[in-house]
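Student: All chains, full assembly: derive it from the sequences and hints.
In order, the protein sequences belong to chains W and U. Per the working numbering, the first sequence starts with residue 1, numbered consecutively. Per the working numbering, the second sequence starts with residue 1, numbered consecutively.
Keep in mind the hints are simulated off the structure, nothing from the lab. Each residue gets a CB set at the ideal place from its N, CA and C atoms; glycine is no exception. There may be inaccurate statements among the hints.
With a Cα cut of at most 16 angstroms, we get these calculated EDC-like pairs of lysine to aspartate or glutamate [said to hold, decoys possible]:
| # | chain 1 | residue 1 | chain 2 | residue 2 |
| --- | --- | --- | --- | --- |
| 1 | W | K426 | W | E492 |
| 2 | W | K867 | U | D43 |
| 3 | W | K868 | U | D31 |
| 4 | U | K81 | W | E492 |
Footprint (simulated), chain W over chain U, 3 or more residues, beta carbon under 8 angstroms [what the hints assert, rightly or not]:
| # | region |
| --- | --- |
| 5 | 30-36 |
| 6 | 43-55 |
| 7 | 76-90 |
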Amino acid sequence: MSQPHRLAVGGRIDRSRSLPFRFDNRAFAGHPGDTLASALLANGVRLVGRSFKYHRPRGIFTAGPEEPSALVELRTGARQEPNTRVTTAELFDGLEAMSQHRWPSLAFDVSAVTSLVSRFLGAGFYYKTFMWPPSFWEKVYEPLIRRAAGLGRVAAAPDPDAYEAMHAHCDVLVVGTGAAGLAAARAAGSAGARVILAEQDFELGGGLLSEPAHESWRQSMIAALTAMPEVRLLPRTTVFGFYEHDVLGAVERVADHLPTPSDHGVRQRVWTIRARQTVLATGATERPIAFPDNDRPGVMLTSAAMTYARRFGVRAGERAVVFANNDTAYDAAFALHDAGVIVAAIIDVRKATPRADGAYARNIAVRLGSEVIGVRGGRQVSAVAIRARNGGAERVIDADLLCVSGGWNPAVHLQSHTRAKLAWDKKIAAFVPGSPAQAERSAGAALGIFGIARSAASGTRAGIEAAAAVGFRQASAFDLPAPGGDDDPRVEAFWQVKAQGKAFVDLQNDVTADDIRLAHREGYVHVEHAKRYTTHGMATDQGKTSGMLGVAVLADARGESIEKVGVPTYRPYVTPVTWGAFAGRDVGHHLQPIRRTPLHHWHVRNHGIFLETGLWMRPLYYSATRETGWEPILREARAVRQAVGICDVSTLGKIDVQGRDVGIFLDRLYTNTFSTLAVGKARYGLMLREDGIVFDDGTTSRIAEHRHLMTTTTAKAAEVLAHMEFYHQTVWPELDVRFCAVTDQWAQMSVAGPKTRLALQGCVEGLDLSNEAFPFMGVGDGTVAGCPVRIYRVSFSGEMAYEVATPAGYGERVWEAILEAGKPHGILPYGLEALGLLRIEKGHVAGPELNGQTTARDLGFDKMIKKKGDFIGRVSADRPRLLDPDRPRLVGIRAVDPSFERRLRGGAHMVEKAASTNSLGWVTSITRSVELERWLGLAMIRRGPERIGQRLFAAYPLKNEVVEVEVTSPHHVDPENLRVRA
Amino acid sequence: MHRIDCPWCGVRDEAEFGYRGDATVRRPAADGDADAFYAFVYDRTNPKGWHVEWWQHVAGCRQWLKVVRHTVTHEIRTVAKAGDDVRAPSP
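Tutor: As structure tokens, this is what we get:
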């Protein structure tokens with residue numbers, strides 16, 4: 001397991017330990033401190049993937065999170081993660097990775113050989129090529145594109161790992177731990193500020209990690225920061241977004257560097273950081289230059305080649321050519337030279353530089369005023385073609401490594417998230433942070449400042465200012481590092497070599513300079529339009545390395561400055577974040593809380609079959625054998641129609657309303673009058689929204705002179721409370737009224753059926769339940785099994801019914817006492833399905849009828865609208881279109897055929913003739929009837945009440961069903977309402 | 001994520017609040033006509049800039065608050081009680 005490209009000495013890797021790993025099923029080894037990228041390069045692996053559209057061979061282009069090309073599927077099985085950058089994947093023992101986008105193999109790729117796809121995939125290809133004929137999209141084009149251009153594969157199995165959310169507050173958040181970041185954190189920390197210092201890498205130091213001369217300063221800074229109790233260091237943590245009000249998001253990769261997370265440990269955690277001040281010391285990203293075949297494996301950013309040599313002890317090639325427009329490339333070239341790489345030549349587009357002498361001293365040839373016009377070699381660079389910029393013959397230089405440096409872009413992404421404008425810095429030919437829009441400042445290379453000592457000074461200043469801005473003014477001084485690197489990189493703006501061939505401006509989305517020019521010719525001249533038309537900068541790397549090239553090419557095509565053209569808006573996330581991290585612990589049953597009624601455990605013990613309704617768990621029906629179909633539902637409903645049943649209705653919203661003005665308040669909330677309701681009585685009430693549409697319904701009871709208990713539907717309980725709070729607090733604050741939700745405080749059960757009184761008389765004490773003493777809509781207090789109960793004589797089923805409420809803790813005891821007393825009368829518990837069946841038979845409205853489109857009049861509630869006094873929705877309900885007699889109105893429908901063979905369906909259209917497509921309305925609710933032994937339901941039909949007695953058809957074209965029905969009153973059962981008063 | 005300084009509870013995350021919208025529209029008096037109620041229900045200026053809005057501290061004190069927020073920058077200038085007279089600053 002030799003590592004032929006590993007240096008004998010130097011770097012931050014631990015040569016005493018070996019970490020075996022596999023890439024494309026071949027065994028290799030690296031060392032602790034390696035990334036997958038450095039380990040692959042140490043083993044001489046140059047070709048690591050195929051590109052997205054053209055399937056061109058691709059290698060490792062960078063040494064950091066900006067990597068556009070070298071994406072792999074990391075790990076296997078349920079932990080397999082596609083599109084992972086090899087440059088940030090920390091090497092661990094047993095790591096397994098597979099290359100992407102190649103078929104059948106990495107070295108021999110069918111698509112690339114045939115160039116079949118290439119011809120179709122120019123700029124705007126989605127919009128042009130695959131538009132016609134439409135049927136071809138699904139059957140031909142999409143499968144072709146997906147196979148040819150597919151991204152990596154996602155694991156199909158559930159993620160076995162845990163993630164979590166963290167929340168933090170700090171005085172100063174510092175992002176980045178280069179010279180500027182370390183200095184900023186130390187300055188702010190020394191002043192006493194609470195500091196969080198986040199670093200995306202697994203080692204703190206940023207660019208210092210490739211600067212052995214500054215290692216002692218780096219170590220002393222980290223030691224000082226570690227000793228400060230109010231400073232928290234977060235390595236392996238990427239700050240991915242800067243949101244409004246100084247809230248930042250970060251993801252900490254807690255265990256990505258381990259084969260599996262520790263027992264009970266998390267893999268990643270997402271931090272939500274509320275920072276009073278933020279210092280952005282995110283550094284700068286080197287950018288390439290566009291020239292033909294600038295994507296070949298072996299073409300690499302100059303700083304990356306230096307990082308591999310100095311930090312990882314790896315020669316990225318044996319014989320290098322450096323192509324640059326600035327001075328920083330010279331230090332890198334010298335570092336390569338020192339590492340034993342033969343630097344064949346430095347190709348410098350500039351006419352002169354004082355750094356050339358240093359090259360000559362090392363016997364490195366410098367070709368000033370020259371440019372690279374092409375690359376030889378297919379799967380790897382074998383030679384570089386150059387020429388003088390002012391013309392002249394092509395020369396070819398043998399090399400297996402081509403280092404490119406087109407200058408540096410300050411990493412302004414986080415600042416841009418805050419909507420701060422960028423400013424153009426002509427001196428470095430790059431955008432730098434403009435005036436802040438939030439409490440932040442940039443420092444070091446992120447601000448366009450170069451050189452280690454100047455960066456550290458800039459960071460110190462930023463740290464002192466940030467701390468002072470939040471009241472910490474006593475920063476202590478500390479040593480700054482010795483000067484190093486180029487303070488002035490002397491960049492000459494140079495973006496593209498104009499020569500024949502594919503010159504890429506976006507390596508990940510395979511966008512070429514020609515694509516940008518094509519977009520411009522076709523009218524996509526705005527930077528945001530050109531971006532979308534070509535997909536330039538829209539890949540997972542967001543064009544961090546090459547985004548500026550595309551802008552420069554567009555600016556050139558437009559004949560305008562880059563400053564004028566601008567860059568597309570940067571948005572979160574700075575680098576991709578896995579969904580699991582955001583889900584955190586909120587997965588499976590933890591996605592949302594579960595609400596259980598006080599009787600829940602009784603339902604569980606007694607074979608309740610549950611349904612989630614909103615947050616509530618409610619029994620649909622009860623079945624020891626877990627039957628499916630209608631039988632258990634019909635059994636329970638028959639018990640109610642013929643004997644007695646009991647149903648848990650604790651989920652109904654309950655609001656206790658008190659105060660001298662309760663009557664006035666309720667009169668304004670409801671369409672009908674409550675101020676006249678006698679103490680000890682209940683009344684059904686209807687609420688409208690202010691636009692005149694029905695909002696909610698329920699019974700409200702007067703418990704005492706100045707106290708009412710309101711009930712709402714289960715679904716609208718929270719909305720009704722907020723609605724009441726809004727009107728009380730903002731419209732009628734003068735009303736003396738107080739209210740709060742008491743839903744959870746009560747267990748409530750509806751006991752219904754002709755034998756209900758007999759059953760309850762066997763267990764209720766202290767309350768005369770006779771019809772004379774306790775008529776329909778009465779409210780009274782008593783006890784059951786020694787527990788206090790409040791009984792409401794209200795009915796949702798159409799049968800004689802009493803709702804029994806008791807404090808939640810007594811629920812089961814009362815429920816069981818009623819069951820015991822009802823046993824001789826054939827009592828059965830019934831669930832949500834039978835409840836629905838019974839209410840549809842009776843013609844009571846519920847969710848399908850109160851659908852946010854229906855008015856009181858549509859539902860036949862005309863008489864519940866009071867003539868005098870204000871109430872919510874009063875004026876709007878009389879708008880002409882809401883009074884249109886042609887509106888759909890509520891009626892009942894019954895299948896003409898009494899067999900159950902042809903079923904009704906909710907959502908069916910009501911039509912006059914079986915084949916008609918002229919819809920008169922729709923079916924809202926359907927059920928099999930136990931009373932009438934056929935399918936029946938409720939429907940909204942135009943001029944419905946006028947059609948009672950007519951035959952219509954319920955048509956359900958999706959299933960080719962047409963059922964003949966008779967239009968009836970909504971009240972299929974006991975329309976005279978005698979049973980509830982019995 | 002917005003952070004809203006509730007006058008009753010202090011600075012809290014947006015996640016604790018519910019949003020309703022324009023707080024400058026007033027419900028007409030009981031004798032208001034159809035046009036007045038139409039305006040109350042539907043007419044909104046939808047400003048680009050400062051906006052006085054109703055937010056409810058749902059997961060806190062449940063009070064409805066008047067929040068002066070900039071619809072472009074999300075800056076919050078004022079958080080007031082429901083009964084306070086609050087106006088949007090000129091742009």
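Student: Compare the structure with each hint and give your call.
Tutor: Verification of the hints:
| no. | hint | verdict |
| --- | --- | --- |
| 1 | W:K426 to W:E492 | holds (10 angstroms) |
| 2 | W:K867 to U:D43 | violated (27 angstroms) |
| 3 | W:K868 to U:D31 | holds (11 angstroms) |
| 4 | U:K81 to W:E492 | violated (58 angstroms) |
| 5 | 30-36 | holds (count 5) |
| 6 | 43-55 | violated (count 1) |
| 7 | 76-90 | holds (count 3) |
When each numbered hint is compared with the structure, violations occur for hints 2, 4, 6.
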